[in-house]
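Student: Residue numbers (this note's numbering), protein chains in the order written: chain A, 1 to 210; chain B, 1 to 210.
Just so you know, not all the hints are guaranteed correct.
Copies of the same chain look alike in the list, so a pair counts if it works inside one copy or between any two.
Stated by the list, open to error - The calculated lysine-lysine pairs, modelled on BS3-like cross-linking and capped at a C-alpha distance of 27 Å, are: (1) K113 x K155; (2) K113 x K88; (3) K92 x K29; (4) K16 x K113; (5) K112 x K88; (6) K113 x K67; (7) K112 x K16.
Keep in mind the hints are simulated off the structure, nothing from the lab. Predicted, not measured: the structure shown is a model, and the values here were computed from it.
There are 2 protein chains.
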Amino acid sequence: MKQYELERVLPEEIEKRSFEIITQELGEKKLEPENELVIKRVIHTSADFEYADNLIFSPHAVEIALKAIKEGVQIITDTNMGKAGINKAALKRLNCAVDCYMADEDVAEYAKKNETTRACASMDKASNLPKDCIFAIGNAPTALVRLYELIKEGKIRPRLIIGVPVGFVNVVQSKEMILSLEGIPYIVARGRKGGSNVAAAIVNALLYQV
Amino acid sequence: MKQYELERVLPEEIEKRSFEIITQELGEKKLEPENELVIKRVIHTSADFEYADNLIFSPHAVEIALKAIKEGVQIITDTNMGKAGINKAALKRLNCAVDCYMADEDVAEYAKKNETTRACASMDKASNLPKDCIFAIGNAPTALVRLYELIKEGKIRPRLIIGVPVGFVNVVQSKEMILSLEGIPYIVARGRKGGSNVAAAIVNALLYQV
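Turn these sequences into a full structure, and let the hints steer you where they fit.
Tutor: Written out as structure tokens, the structure reads:
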């Protein structure tokens with residue numbers, strides 16, 4: 001086969017075919033059935049099989065998240081890119097919503113006044129919401145650290161934390177802080193890897209199961 | 001050190017510190033000086049050092065791209081997520097613009113009428129633009145295949161193709177098609193890896209150099 005001979009797959013079957021390839025290449029690797037679709041969708045979005053080992057789920061995190069989605073939960077992201085990657089039709093169908101406060105003027109002002117980052121200020125803003133939310137953090141470790149503090153102070157109680165920032169400074173540590181929490185559901189990509197695309201893929205994998 | 005002891009880095013110095021860590025971990029690895037900032041920013045955005053080997057640059061692709069940016073080039077992405085990841089302040093400062101046609105009604109209609117995908121139809125729409133563009137394709141291999149066809153038919157002449165779709169079906173092949181082109185500047189992530197985040201990181205790395 002010439003390397004650029006295209007595989008004939010109908011557009012609407014590409015995703016199914018991709019998941020077949022992922023399943024095949026995972027081979028004998030055992031995935032927790034409850035977590036399987038999330039793990040496979042993250043591999044689908046990254047072509048990176050390391051996520052089969054990196055993704056850490058608190059007990060019944062998926063089940064708890066699906067319940068929150070059925071109740072029309074609000075999802076907070078730390079980037080507009082993460083927000084853009086979440087399937088809007090699925091959100092609408094499920095009566096859920098997604099917000100990102102990073103570019104809000106009041107967040108910029110609050111951050112300046114309190115000498116903090118906009119990522120932290122976004123989490124403070126979310127702590128004032130009337131209902132508990134799902135947080136999908138794919139970029140800012142400072143957002144995860146602030147969530148951890150707000151939880152410890154009893155000011156916020158996330159329905160789920162998707163903790164998948166990517167990078168080199170305080171990323172590993174911020175995720176370990178979330179992993180140390182008890183009683184808060186989480187899905188965390190242990191280590192340096194992650195990203196807004198991974199955060200969005202996890203949200204979509206949850207939405208598609210409802 | 002407890003694993004969640006945070007490194008003290010000022011918010012405005014996190015990126016600098018991240019690049020220092022990347023440089024340090026690349027060690028003796030030789031990068032083409034012209035391509036170095038693009039490669040390092042992709043690693044910064046993915047925490048994946050495979051990109052030090054995966055990213056293939058046509059001769060002087062970066063130099064040619066910087067010239068296009070100085071002239072206020074239009075950038076076309078294949079996802080709104082990719083568009084969302086491109087630094088809007090940098091675009092504005094440089095008089096450049098970014099568009100994504102995927103969600104346009106005329107694109108949906110054209111795709112339906114011509115029994116093609118919206119990704120292909122987006123490229124057809126871009127081929128009617130009055131000026132040559134930079135394409136940043138992080139998701140749809142069909143968009144890359146259509147670009148290849150339009151180039152071969154003499155209907156489009158991109159200033160640069162950023163060819164970094166991610167995935168398992170026709171992704172590798174579509175990138176090899178772009179790599180086979182002569183006289184068209186490209187930056188391609190060979191293999192399965194890539195993504196809208198990678199496409200946006202490459203655009204930003206170019207913008208920041210002007």
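Student: All hints are to be evaluated individually against the structure, with a verdict given for each.
Tutor: Now for the hints, and whether the structure bears them out:
For the homomeric pair K113 and K155, the shortest alpha-carbon distance inside one copy (20 Å) is at most 27 Å, but the shortest distance between copies (53 Å) is not. Taking the shortest Cα distances, K113 and K88 sit within 27 Å of each other only across copies (25 Å), while inside one copy they are farther apart (34 Å). Proximity of K92 to K29 under the C-alpha cut-off of 27 Å is found in neither arrangement, the shortest distances being 35 Å within a copy and 48 Å between copies. With identical chains, the CA atoms of K16 and K113 are at most 27 Å apart between copies only, with a shortest distance of 25 Å across copies and 50 Å within one.
In this homomeric assembly, K112 and K88 come within 27 Å of each other (Cα to Cα) only across copies, at 21 Å, whereas the closest approach inside a single copy is 32 Å. Neither within a single protomer nor between protomers do K113 and K67 lie at most 27 Å apart by alpha-carbon distance, with minima of 38 Å and 40 Å respectively. When the C-alpha separation of K112 and K16 is checked against a cutoff of 27 Å, the pair qualifies only between copies, where the shortest distance is 21 Å, while the shortest distance within a copy is 47 Å.
Violated hints for the displayed structure, listed by number in ascending order: 3, 6.
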